[in-house]
Amino acid sequence: MGLLDGALGNVLGNVLGNALGNGGKGGIDIAAILQWVEQQGGLQAILNKLQQGQLGDIVGSWLGNGENQSISGDHVQQALGSDAIAQLAAKLGVDSHQASETVAQLLPTLADKASPNGEVKQDELANYVGKLFS
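For the sequence shown, position 30 matches number 30 in the numbering used here, and the numbering has no gaps at all.
Rather than coming from a laboratory, the hints here were simulated on the basis of the structure.
Some hints here could point you the wrong way.
[As the list claims (entries may be wrong)] As a list, the in silico SDA-like pairs of lysine to any residue whose alpha-carbon atoms are at most 20 Å apart:
| no. | residue 1 | residue 2 |
| --- | --- | --- |
| 1 | Lys121 | Gln78 |
| 2 | Lys49 | Gln35 |
| 3 | Lys121 | Gln51 |
| 4 | Lys49 | Ser70 |
| 5 | Lys49 | Gly93 |
| 6 | Lys91 | Gly56 |
| 7 | Lys49 | Val94 |
| 8 | Lys121 | Gly42 |
| 9 | Lys49 | Val120 |
Modelling step: build the complete structure from the supplied sequences, incorporating the hints.
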């Protein structure tokens with residue numbers, strides 16, 4: 001069973017939607033984005049690509065304590081490649097620019113929640129959601 005299966009995927013989508021300030025609404029399909037993240041090799045693989053793309057300091061701010069630095073959609077597209085962004089755009093029914101901007105908004109929160117001790121762990125988002133509702 002994957003992290004996004006069933007009700008957990010819906011709850012996770014709402015939690016991350018709230019973290020982005022849209023209450024899980026406004027047309028952003030967080031569950032589809034998280035499924036896409038898994039298809040790209042997981043969050044750590046995406047963060048590695050960003051770090052290789054000279055964005056290590058920004059990624060470090062998401063993993064460490066303190067304020068998360070922002071990233072642009074252009075940086076996302078350059079680091080992850082146009083094919084990966086096109087796949088997400090097709091899932092979301094938006095253009096590639098909007099898909100990369102959405103990922104740029106989501107990644108800081110996603111990385112922050114998945115790495116409470118500075119290290120990304122596969123099950124940390126599930127643990128986070130569980131704590132919210134326990």
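Checked hints:
1. Lys121 / Gln78: 25 Å, violated
2. Lys49 / Gln35: 18 Å, holds
3. Lys121 / Gln51: 17 Å, holds
4. Lys49 / Ser70: The given pair, whose Cα atoms are some 16 Å apart, holds under the 20 Å limit.
5. Lys49 / Gly93: Cα-Cα ~24 Å, so violated.
6. Lys91 / Gly56: 28 Å, violated
7. Lys49 / Val94: Not satisfied, since the Cα-Cα distance of roughly 23 Å exceeds 20 Å.
8. Lys121 / Gly42: 10 Å, holds
9. Lys49 / Val120: 14 Å, holds
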